[in-house]
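Chemist: Each chain is listed here by its residues.
Number of protein chains: 2
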Amino acid sequence: MSAESLSPTPRTTLHRLRERARTERADLDAVLDAGLVCHLGVVIDGVPVVLPTGYGWIGNTLYLHGSSANRSLLASAGQQVCVTVTLLDGLVCARAVFHHSMNYRSAVIFGTARLVTDPDEKLAALRAVTDHLVPGRWEHVREPNRKELAATAVLAVPLDEASVKVRSGSPKDDEEDYDSGIWAGVLPAALTFGVAEPDPALTGDVPVPGHIAVLAGRVRGAAPAVDSGP
Amino acid sequence: MSAESLSPTPRTTLHRLRERARTERADLDAVLDAGLVCHLGVVIDGVPVVLPTGYGWIGNTLYLHGSSANRSLLASAGQQVCVTVTLLDGLVCARAVFHHSMNYRSAVIFGTARLVTDPDEKLAALRAVTDHLVPGRWEHVREPNRKELAATAVLAVPLDEASVKVRSGSPKDDEEDYDSGIWAGVLPAALTFGVAEPDPALTGDVPVPGHIAVLAGRVRGAAPAVDSGP
Numbered sequence: 030m031s032a033e034s035l036s037p038t039p040r041t042t043l044h045r046l047r048e049r050a051r052t053e054r055a056d057l058d059a060v061l062d063a064g065l066v067c068h069l070g071v072v073i074d075g076v077p078v079v080l081p082t083g084y085g086w087i088g089n090t091l092y093l094h095g096s097s098a099n100r101s102l103l104a105s106a107g108q109q110v111c112v113t114v115t116l117l118d119g120l121v122c123a124r125a126v127f128h129h130s131m132n133y134r135s136a137v138i139f140g141t142a143r144l145v146t147d148p149d150e151k152l153a154a155l156r157a158v159t160d161h162l163v164p165g166r167w168e169h170v171r172e173p174n175r176k177e178l179a180a181t182a183v184l185a186v187p188l189d190e191a192s193v194k195v196r197s198g199s200p201k202d203d204e205e206d207y208d209s210g211i212w213a214g215v216l217p218a219a220l221t222f223g224v225a226e227p228d229p230a231l232t233g234d235v236p237v238p239g240h241i242a243v244l245a246g247r248v249r250g251a252a253p254a255v256d257s258g259p
Numbered sequence: 030m031s032a033e034s035l036s037p038t039p040r041t042t043l044h045r046l047r048e049r050a051r052t053e054r055a056d057l058d059a060v061l062d063a064g065l066v067c068h069l070g071v072v073i074d075g076v077p078v079v080l081p082t083g084y085g086w087i088g089n090t091l092y093l094h095g096s097s098a099n100r101s102l103l104a105s106a107g108q109q110v111c112v113t114v115t116l117l118d119g120l121v122c123a124r125a126v127f128h129h130s131m132n133y134r135s136a137v138i139f140g141t142a143r144l145v146t147d148p149d150e151k152l153a154a155l156r157a158v159t160d161h162l163v164p165g166r167w168e169h170v171r172e173p174n175r176k177e178l179a180a181t182a183v184l185a186v187p188l189d190e191a192s193v194k195v196r197s198g199s200p201k202d203d204e205e206d207y208d209s210g211i212w213a214g215v216l217p218a219a220l221t222f223g224v225a226e227p228d229p230a231l232t233g234d235v236p237v238p239g240h241i242a243v244l245a246g247r248v249r250g251a252a253p254a255v256d257s258g259p
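One line per chain: the protein sequences are A and B, in this order. Residue numbers 30 to 259, in the working numbering, belong to the letters of the first sequence in order. Residue numbers 30 to 259, in the working numbering, belong to the letters of the second sequence in order.
Some hints here could point you the wrong way.
The list makes no distinction among identical chains, and a pair is therefore deemed to hold if it is satisfied within one copy or across any two copies.
[As the list claims (entries may be wrong)] Cross-link-like lysine to any residue pairs, in silico, SDA-like; alpha carbons within 20 Å at most:
id	residue 1	residue 2
1	194	128
2	194	66
3	176	198
4	201	167
5	194	65
6	201	178
7	176	204
8	194	254
9	201	212
10	201	226
11	176	203
12	176	125
No lab work stands behind these hints, which were simulated from the structure alone.
Please build the complete structure, drawing on both the sequences and the hints.
Modeler: Here it is, written out as structure tokens:
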């Protein structure tokens, strides 16, 4: 296996629908690139807790951030966590209920989380998270001061163990249903940005900066062109 | 507390940013209505696993479905699970990195999952899931047969214990940053449907049915008009 492959472990090896599996590190990066929000799963008092949060990554480390009073982030430190990023690309409408599906890209990452305490790493992580959400934003705004850094918790999760799945293309029906006359196809879906809404508290004439204006009306992380399925 | 309120328990009571909490059952239904995909968290061999899946609900019961070979669904039976639905409504760009945020609606549901075995309940659940994703679809397509029902696992989760959060409106910055001349505002985001792509395998002239055509170009689960924040 090359260094550019994802390490398959029992829990990241697909047992069904193996044709949906993607095994290259570039596939993981593509899903992370396209997404905005991840879902962090952590066990607290024996019970799973799933929380949405923003993320960024540098090299082989995924970073999540939140308030330093966030119980789920704090509870994750030193614990095994699962971080899932899901992009919904379309609703797959088949001729039979059973064959309905979704087109999607997903990454399920397993790892032991680490609370970032080094100030330089923390700042770099926050920059990665900020610029992942809105590329170019960090340069444009006031950086965190010491007090703000202290009030922010940053969690690091290694990107060593991940399962990446992609479904694209048309529905697959049973042979006997193809002549049913029932319409089948895909209803594409994508997260789309609208036109920026300036803060009413802006004073004077502050134009919408280029890094924001360029996003208006744009799809975030559009799905690549449809391949042959499945 | 009225029957229409969500039951707050220690794990569904917000400890921070309480102004984002919503406590009415109608608020939960609104988030469930607007979403398409949920993230199911379950503990398998002591490790949290977070998987995306479609859902539907009837009254006070949330239903998730998947293959009857899906390990996470099967492992959830009789276990405590967490199901989270997240709608991203916008990126909140403040003058300071620290005050960047997202506008969102989320529901975090805790409960003990039950594998649905009663055929009538299973069929009703699958109808709820299908018609939640694409309203009107069930009437239009072939219903599951016995073999397909057996190949489908349906999980039921009570909607009794949930935490609903909403953030909307403009960024909040520190007083001293308002005169910085830095642009601040909200970049709205929404899941938007495209134009339906008919299955190339369609034979003859099968028009796009109304329940599909009506969704083209539409936003799914648009955020309600922005209130006064926070």
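Chemist: Can you list which hints this structure breaks, lowest number first?
Modeler: Number 3 only.
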